[in-house]
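Enquirer: Below are the chains, spelled out letter by letter.
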Amino acid sequence: MNDMTPNQKERADKLEGMGCKRKRVEDVRFVQGKGNYVDDLKLPGMVFGDFVRSPYAHARIKKIDVSKALALPGVKAVLTAAELKPLKLHYMPTLAGDVQAVLAEEKVLFQNQEVAFVVAEDRYIAADAIELVEVEYEELPVVIDPFKAMAPDAPLLREDIKDKTDGAHGKRKHHNHIFTWEVGDKSATDAVFAKAEVTVKEMISYQRVHPCPLETCAAVASMDKIKGELTLWGTFQAPHVIRTVGSLLSGIPEHKIHVIAPDIGGGFGNKVGAYPGYICAIVASIVLGQPVKWVEDRIENLSATAFARDYHMTTELAATKDGRITGMRVHVLADHGAFDACADPSKYPAGFFNIVTGSYDIPVAHLSVDGIYTNKAPGGVAYRCSFRVTEASYCIERIMDVLAQKLGMDPAELRLKNFVRPEQFPYQSALGWEYDSGDYHTAMQKALKAVGYDQLRAEQKAKREAFKRGETRELMGIGVAFFTEIVGAGPSKNCDILGIAMFDSAEIRIHPTGSIIARMGTKSQGQGHETTYAQILATELGIPAADIMIEEGNTDTAPYGLGTYGSRSTPVAGGAIAMAARKIRAKAQMIAAHLLEVSEYDLEWDIDGFRVKGAPDKFKSMKEIAWASYNSPPAGLEPGLEAVNYYDPPNMTYPFGAYICVADVDVDTGSTKIRRFYALDDCGTRINPMIIEGQVHGGLTEAFGIAMGQEIRYDETGNVVTASLMDYFLPTAVETPKWETDFTVTPSPHHPIGAKGVGESPNVGGVPCFSNAINDAFSFLGSTHIQMPHDNWRTWMAAEKLGLHG
Amino acid sequence: MAKSHVKMTINGKPVEALVEPRTLLIHFLREQLGLTGPHIGCETTHCGACTVDLDGKSVKACTIFAVQADGGEMLTIEGMANPDGSLHVLQETFREHHGLQCGYCTPGMITRAHRLLQENKDPSESEIRHGIAGNLCRCTGYQNIVKAIQAAAAKLNGREFKEAAE
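As you go down the protein sequences, you meet chains A and B in turn.
So for the first sequence, full-length UniProt numbering puts the first residue at 1; every next one is plus one.
So for the second sequence, full-length UniProt numbering puts the first residue at 1; every next one is plus one.
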């Protein structure tokens, strides 16, 4: 790029290709209110479905009487498990190998579980009818605390699978046990711990949270009984998977199911799985022969569709006295709620949690995870994270600080001492991953310098002295976090969902006049795919991005793909589109050679076309080549310029970053102020710096929400007490800190354009960084770990426990 | 249910309709009039995705009835563009400064920002942050939204927009 002539630079700039801050094409419709979201859809004869939900967390259903609801004018149907059972649709398979009740049959297992589906002419009548459905319950004892779920006398939750001794991932140890997953070398790890100079151990909990995109989940199902075809519009992050699952469940042939994901108002993992609302809308449409719309409200969203985290991680590190880590041992108690509906690649019941050794060269490690049932909502989605990576990152980054504290070492110094070194890449981790690339020391040093780390520590020291002298009631915390993500699921050798390998795809067509339509197997929910994929193509094919249309979300036209989550769009579909473009360019080279009457080996690529080497005047632009491909292709060559690529990545990608946070904590009120937050991200090749920055801002804000206040909390009787936006913390513009962003670039060696993905990094790195800052504020008083979320009350309690309130 | 007769002006055009007294303004706009720009995010007045401008005030359309808007003058995102069809300065600056991602909060956010700039022609950053505190965004982290509103204010005040130094 740097040795371009002015002419080449001008032509390259016109393309708006990779590396430029191209304005987003999506915005033109969004800023005018012309986005097209599921709830905007209005079809002739469309009716509305809504759920009767359980008020109890655990109860036997004695009787359901729908007669009064059915008698209400405008009510079209009421579905219960009794109607779904003959169709074998009262349960649906989950991505994790379990089943989930679509409508509760004999028991309800969490508050707000779906019990009946009312369909009416409009949403108001449906709401009226819900009140008229009479359900008689017999309350049962509830299990909310995951640590009590496996007590010998704990109530049996899943009667439907009580005789199952084998789960999807091995033997079940207890009637509320789902799986045990083990990775690493247990005996070698135990041996290291037995003779370690220094060890630390901490129970680190990552509370239950919810992705809470601004648009809730929704679907419109429309069954054409004459053609036997089902069209399903929905908030689907993975529309093709929904089509396949829909076909397997309903028996409707897959080619007769048309799944369309229109514009999606944020996903963050919430919209990956299949929910009872989708199934009920489909069944109701088949029964009624009318389109049926289902849109959940916010309370339903927060309390019934998905959750994230709820990981309770007993974490240990072994080290030498001078701070060299020698081993890691982690046991996780994973609360999966009432059904195991985790959205993970099938072979990974705890996702990629075995990235838990983080950015450090830890010679030996052992991890075990026990998944258990409780009376809480099912889910276990990757909330802006690649399959439990944020839990892993929180675990290692928190325990690193605990170790630093014990060793009396600076947390940054401890990290620098233990980082995987640049020459060790590709690096084989003790828990089984091959890190593709990284330069952690450079990133960390750049971050420390940018914030003036040494001065900050000096200021903190002075403040602590002043606090001890009683001159201030404020504590200063400095949070350091260095994360390594694992994204881009993934290679077919280890990643599949329900047996479908996790490749992704692109189909490119160049029209005669040289404009392009490209269709992708992924689905944007705000990431700006229509803008960035076009930039990749612009650079690869020399066609201006403005002449390229990107289309996603229609399973009839898009090639099969596994969708957008886990930061996989750029690493996987980004690879597919580059590879498909290269197929086209190879063909274009043959056409150019024909037009210029030279051998194709005499040609070289030059920004937007091919040039004869050594003959600068002999040049054919891609636009000219496109025209020729339809009108005068070389003899024997197929006309047209199209290509499809299904990209099966050779490895995951491993973005990383160094984050530093400065927080001031008022010990008397527990309130905290984020004074400064600096985020350095290395996501490899940068496609659109403006969009990257936006993704980082957004991910940091979600991390701020999680670390500082979000929690899906239940009382002891199983009532979910944080199910509205009054109680569930979403940061407003007032609380949200100002973000400073920075970057280094370490391209992925195996990715066609060297890109690694960025959307989730700020959440993965942000949460530990905030938490470390709050913990750091109190660490000099002997506190090792304060549980998240760090809201004012918990922070005040931490101060209270330390005796700071006199 | 007996319906009420309502008349109002929406985006400069007279509208007359029959609505059930219990119909929320947001459902009237979206389902009866097909104005699907304002969105529903919570139905409890927290998120602001449904924000419209009614009689010179920002109103969350999920929390008032359509009949309460009878006789009113309303502006929704669909009426924000200039008469010649070009984008309103806020629509321009939101795009220019990457003040949106999924687009779901955007109509409410821009409609709110428009009223904010009527209430306070030259707000400080803090005033902007407080002024949009009733509108939630899950994607952007607000920083670029604030920047977009600052840039629009500068433009409306005939000033060149300079990004504040970090």
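Calculated from the structure, these hints are not laboratory results.
Only a predicted model underlies this, so the values are computations on that prediction, with no experimental measurement involved.
Hints may contain errors.
Below, computed lysine-lysine pairings styled on BS3-like, alpha-carbon distance capped at 27 Å [stated by the list, open to error]:
id	chain 1	residue 1	chain 2	residue 2
1	A	Lys42	B	Lys121
2	A	Lys63	A	Lys162
3	A	Lys34	B	Lys162
4	A	Lys42	A	Lys347
5	A	Lys613	A	Lys14
6	A	Lys42	B	Lys13
7	A	Lys23	B	Lys7
8	B	Lys155	A	Lys23
9	A	Lys738	B	Lys155
10	A	Lys738	B	Lys162
11	B	Lys13	A	Lys68
12	A	Lys63	A	Lys88
13	A	Lys21	B	Lys155
14	A	Lys227	A	Lys42
15	A	Lys186	A	Lys85
16	A	Lys34	B	Lys57
17	A	Lys406	A	Lys463
18	B	Lys121	B	Lys155
19	A	Lys34	B	Lys155
20	A	Lys68	A	Lys85
21	A	Lys21	A	Lys446
22	A	Lys76	B	Lys3
DEER-style ranges, computed between Cβ atoms [claimed, not checked]:
id	chain 1	residue 1	chain 2	residue 2	range
23	B	Leu18	A	Asn631	32 to 40 Å
24	A	Asn554	B	Glu119	41 to 49 Å
25	A	Glu434	B	Glu125	44 to 52 Å
26	B	Asp84	A	Val734	35 to 43 Å
27	A	Asp668	B	Thr44	56 to 64 Å
28	A	His255	B	Arg159	52 to 60 Å
29	A	Ser599	B	Lys155	54 to 62 Å
30	A	Met797	B	Ala17	51 to 59 Å
31	A	Ile161	B	Thr44	53 to 61 Å
32	A	Arg713	B	Ala17	38 to 46 Å
33	A	Trp793	B	Glu73	38 to 46 Å
34	B	Glu119	A	Met797	46 to 54 Å
35	A	Lys21	B	Glu125	47 to 55 Å
36	A	Asp454	B	Asp84	33 to 41 Å
Quick partial rundown of chain A residues pointing at chain B, CB under 7 Å, derived from the structure [what the hints assert, rightly or not]:
id	residue
37	Gly19
38	Lys23
39	Val25
40	Asp27
Each residue gets a CB set at the ideal place from its N, CA and C atoms; glycine is no exception.
Enquirer: Determine for every hint whether it applies to the structure shown.
Expert: Results for each hint:
Between Lys42(A) and Lys121(B), the direct Cα distance comes to roughly 39 Å. Violation of the 27 Å bound is thereby established for this hinted pair. Straight-line distance between C-alpha atoms of Lys63(A) and Lys162(A) comes to about 23 Å, which keeps the hinted pair within the 27 Å bound. Restraint check for Lys34(A) and Lys162(B): the C-alpha separation of about 30 Å exceeds 27 Å, so the hint is violated. Between the alpha carbons of Lys42(A) and Lys347(A) the distance comes to roughly 40 Å, so the proposed pair goes past 27 Å and is violated.
Restraint check: the Cα-Cα separation between Lys613(A) and Lys14(A) comes to about 23 Å, which is no more than 27 Å; the hinted pair holds. Restraint check for Lys42(A) and Lys13(B): satisfied, since their Cα atoms lie roughly 23 Å apart, inside the 27 Å limit. Restraint check: the Cα-Cα separation between Lys23(A) and Lys7(B) comes to about 40 Å, which exceeds 27 Å; the hinted pair is violated. A threshold of 27 Å between alpha carbons decides the hint, and for Lys155(B) with Lys23(A) the separation of about 19 Å falls inside it, so the pair holds.
Taking the CA atoms of Lys738(A) and Lys155(B), the gap is about 23 Å. The hint holds against a cut of 27 Å. Proposed proximity of Lys738(A) and Lys162(B) is supported: the alpha carbons are some 17 Å apart, at most 27 Å. Taking the CA atoms of Lys13(B) and Lys68(A), the gap is near 43 Å; set against the 27 Å cutoff, the hint is violated. Using a Cα cut-off of 27 Å, the hinted pair Lys63(A) and Lys88(A) holds, with the two alpha carbons roughly 20 Å apart.
Between Lys21(A) and Lys155(B) the alpha-carbon distance is near 22 Å, which keeps this suggested pair within the 27 Å criterion. About 21 Å separates the Cα atoms of Lys227(A) and Lys42(A), which keeps this hinted pair within 27 Å; it holds. Proximity of Lys186(A) to Lys85(A) is assessed by CA-CA distance (about 45 Å); at most 27 Å being required, the pair is judged violated. The suggested pairing of Lys34(A) with Lys57(B) holds, with an alpha-carbon distance near 23 Å, which does not exceed 27 Å.
Restraint check for Lys406(A) and Lys463(A): the C-alpha separation of about 21 Å stays at or below 27 Å, so the hint holds. With a C-alpha separation of about 11 Å, the suggested pair Lys121(B) and Lys155(B) falls inside the 27 Å cut-off, and the hint holds. The straight-line distance between the Cα atoms of Lys34(A) and Lys155(B) is roughly 25 Å, inside the 27 Å bound, and the hint therefore holds. Between Lys68(A) and Lys85(A) the CA atoms are separated by roughly 22 Å; this keeps the pair inside 27 Å, and the hint holds.
Annotation: proposed proximity of Lys21(A) to Lys446(A) holds, straight-line Cα distance about 24 Å (limit 27 Å). In summary, the hint linking Lys76(A) to Lys3(B) is supported, as the alpha carbons are separated by about 22 Å, within the 27 Å threshold. Distance hint check: the CB atoms of Leu18(B) and Asn631(A) are about 59 Å apart, inconsistent with the given range 32 to 40 Å. Judged by the Cβ atoms, the range 41 to 49 Å given for Asn554(A) and Glu119(B) holds: they are separated by roughly 43 Å.
Checking the proposed 44 to 52 Å range against Glu434(A) and Glu125(B) shows it holds: the Cβ atoms sit about 45 Å from each other. Between Asp84(B) and Val734(A), the C-beta spacing of about 36 Å keeps the proposed range 35 to 43 Å intact. Taking the beta carbon of each, Asp668(A) and Thr44(B) are about 32 Å apart, not inside 56 to 64 Å as hinted. The hint said 52 to 60 Å for the Cβ distance between His255(A) and Arg159(B), and at roughly 59 Å that hint holds.
The hinted range of 54 to 62 Å is satisfied by Ser599(A) and Lys155(B), whose Cβ atoms lie roughly 56 Å apart. For the pair Met797(A) and Ala17(B), the supplied restraint of 51 to 59 Å holds, since their beta-carbon distance comes to about 54 Å. Taken as a hint, the range 53 to 61 Å is violated for the pair Ile161(A) and Thr44(B), whose Cβ atoms sit roughly 37 Å apart. In this structure the hint that Arg713(A) and Ala17(B) lie 38 to 46 Å apart at CB holds, the actual value being about 43 Å.
At roughly 44 Å, the beta carbons of Trp793(A) and Glu73(B) sit within the given window of 38 to 46 Å. Between Glu119(B) and Met797(A) the Cβ separation comes to about 40 Å, which falls outside the hinted range of 46 to 54 Å. The given range of 47 to 55 Å is broken by Lys21(A) and Glu125(B), whose C-beta atoms sit roughly 22 Å from each other. At roughly 57 Å, the beta-carbon separation of Asp454(A) and Asp84(B) lies outside the given 33 to 41 Å, and the hint is violated.
Contact between Gly19(A) and chain B, as hinted, is not supported at the beta carbon level, the nearest pair being about 16 Å apart and thus beyond 7 Å. A hinted interface residue such as Lys23(A) counts as satisfied when its beta carbon comes closer than 7 Å to some beta carbon of chain B; here the least separation is about 6 Å, so the hint holds. At a threshold of 7 Å, the smallest CB-CB gap from Val25(A) to chain B is about 10 Å, leaving the interface hint violated. Taken as an interface hint, Asp27(A) checks out: its beta carbon lies about 4 Å from the nearest beta carbon of chain B, inside 7 Å.
Hints 1, 3, 4, 7, 11, 15, 23, 27, 31, 34, 35, 36, 37 and 39 from the earlier list are contradicted by this structure; the remaining hints agree with it.
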